[in-house]
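**Q** In order, the protein sequence lines correspond to chains A and B.
Heads up: the first sequence is residues 1 to 204, going by this note's numbering.
Heads up: the second sequence is residues 1001 to 1204, going by this note's numbering.
Since the hints were made in silico from the structure, they are not lab data.
Just so we're clear, the structure is a prediction, and the values are computed from it rather than from any experiment.
Just so it is clear, CB atoms sit at the ideal spot from N, CA and C, and this is done for glycine as well.
Wrong hints could be hidden among the right ones.
Stated by the list, open to error - Calculated Cβ distances over 10 Å to all of chain A for the following chain B residues: (1) GLU1038; (2) SER1039; (3) GLY1040; (4) HIS1042; (5) ARG1071; (6) SER1075; (7) LEU1078; (8) ALA1079; (9) GLY1081; (10) GLY1091; (11) ARG1105; (12) GLY1114; (13) PHE1119; (14) LEU1124; (15) ALA1177.
Claimed, not checked - If you want the footprint, here are the derived chain B segments under chain A, 3+ residues with CB under 8 Å: (16) 1001-1009; (17) 1020-1030; (18) 1052-1061; (19) 1097-1103; (20) 1129-1141; (21) 1144-1150; (22) 1187-1198.
Number of protein chains: 2
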Amino acid sequence: MRSISLQDIESMDKLVRVQFANSLPGPKPICLVGTTDESGQHNLAPFSTVTHLGSNPAVIGMVSRPDLVDRHTLSNILATGSYTINHVHSGILEQAHQCSARYPRGSSEFSATGLTPHFEEGVLSPFVGESVFRFALKLEQTIPIAANNTILIVGRVVLVQLPDEHLGEDGSVDLNALGSLASTALDTYFQLGAPTRLPYAKNK
Amino acid sequence: MRSISLQDIESMDKLVRVQFANSLPGPKPICLVGTTDESGQHNLAPFSTVTHLGSNPAVIGMVSRPDLVDRHTLSNILATGSYTINHVHSGILEQAHQCSARYPRGSSEFSATGLTPHFEEGVLSPFVGESVFRFALKLEQTIPIAANNTILIVGRVVLVQLPDEHLGEDGSVDLNALGSLASTALDTYFQLGAPTRLPYAKNK
Chain A
1 MRSISLQDIE SMDKLVRVQF ANSLPGPKPI CLVGTTDESG QHNLAPFSTV
51 THLGSNPAVI GMVSRPDLVD RHTLSNILAT GSYTINHVHS GILEQAHQCS
101 ARYPRGSSEF SATGLTPHFE EGVLSPFVGE SVFRFALKLE QTIPIAANNT
151 ILIVGRVVLV QLPDEHLGED GSVDLNALGS LASTALDTYF QLGAPTRLPY
201 AKNK
Chain B
1001 MRSISLQDIE SMDKLVRVQF ANSLPGPKPI CLVGTTDESG QHNLAPFSTV
1051 THLGSNPAVI GMVSRPDLVD RHTLSNILAT GSYTINHVHS GILEQAHQCS
1101 ARYPRGSSEF SATGLTPHFE EGVLSPFVGE SVFRFALKLE QTIPIAANNT
1151 ILIVGRVVLV QLPDEHLGED GSVDLNALGS LASTALDTYF QLGAPTRLPY
1201 AKNK
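This is chain A alone, in the form it adopts within the complex (with noise of 0.2 Å):
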């Protein structure tokens, strides 16, 4: 085993710290995160950094860095509450993929990459049309990560969609069926492999 210490990480060039540091969560989701601003502008971003914080209600977490350098997403959430995140399949990677390059203000991801803006009633962000596991939420709260002036934002599942032969009657979602694919470091995709449940684990 190779031990990398605290400093070895600070000498390291950049790019390679970030693509470094990016990957120690090991597998994460990759998802596209839909708003619009208040002149109806749409924008349409991936984030790794969606994470369940809890079922009731159900809501959602994901970190953004700080507004200062006109993060659209951000800045469209707080302006209308609203967001959708889509789960990425391989038949839109590289569209997905593509909204992380720096558009200006002005233009929709969805012009850009060709993805279909899909609007649901009561939800002011649009879905991702080719998304075939999403949902949308309520935006509840914002808080500031002081560590590293990050921000991390709270919202409220408000709608969900996905086939209705992909959910069990357990609450269960077949994500090997929809497709949806995890992600590492900012540039690196996987499709999952055959699933493994396991048993409600008790003290033997």
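Given chain A's structure and the hints, the job is docking chain B onto it.
**A** Frame of chain A, contents of chain B only:
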């Protein structure tokens, strides 16, 4: 597509809702968090909320329920400021899952599951000897999440260990070679398929 509303989620049976809500992020990390209490008793607990917060410094977040009901991991981290995060591979999956059982405070999940505590100089908390991608953290801060009374634990990475041959010169980590698993819900695990790595996206 089936639509599931906020009211539908609220009216689910509790276990169905837990399974469903925990599936919303899609593929998630699965890591064992190693800690020790002030008397030297070790603890090991699975977490799927490990999240990259920043690269310079390398800062990692994870979410805990509050300390009210004897959360050993959280109380140990608060007491010592030290913890380790250890990736799970298929060779230790059943033992890792078993660590989610409720053991009393005086009982170590290492002894209960047969996993091996491993120590490195300067790190108080135990690593998992069988894990081949693992890192130690120093607590930076805990942040209450008011929306559902959970706690974000924020730590700075102080030591990383993995086999030298699986770390690329560009900082990339070969998760396939390391066998790091993904998870969903609280009971379902996946091996990763072959990676797709895409170039840095530019505004064309």
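**Q** Next step is simple, just say for each hint if it's right about the structure.
**A** Taking the hints in turn, this is what the structure says about them:
no.	hint	verdict
1	GLU1038	23 Å, holds
2	SER1039	21 Å, holds
3	GLY1040	21 Å, holds
4	HIS1042	16 Å, holds
5	ARG1071	15 Å, holds
6	SER1075	19 Å, holds
7	LEU1078	16 Å, holds
8	ALA1079	19 Å, holds
9	GLY1081	13 Å, holds
10	GLY1091	13 Å, holds
11	ARG1105	12 Å, holds
12	GLY1114	12 Å, holds
13	PHE1119	13 Å, holds
14	LEU1124	15 Å, holds
15	ALA1177	12 Å, holds
16	1001-1009	holds (count 7)
17	1020-1030	holds (count 11)
18	1052-1061	holds (count 10)
19	1097-1103	holds (count 7)
20	1129-1141	holds (count 5)
21	1144-1150	holds (count 5)
22	1187-1198	holds (count 12)
Violation of the numbered hints given earlier is absent; every hint is satisfied by the structure.
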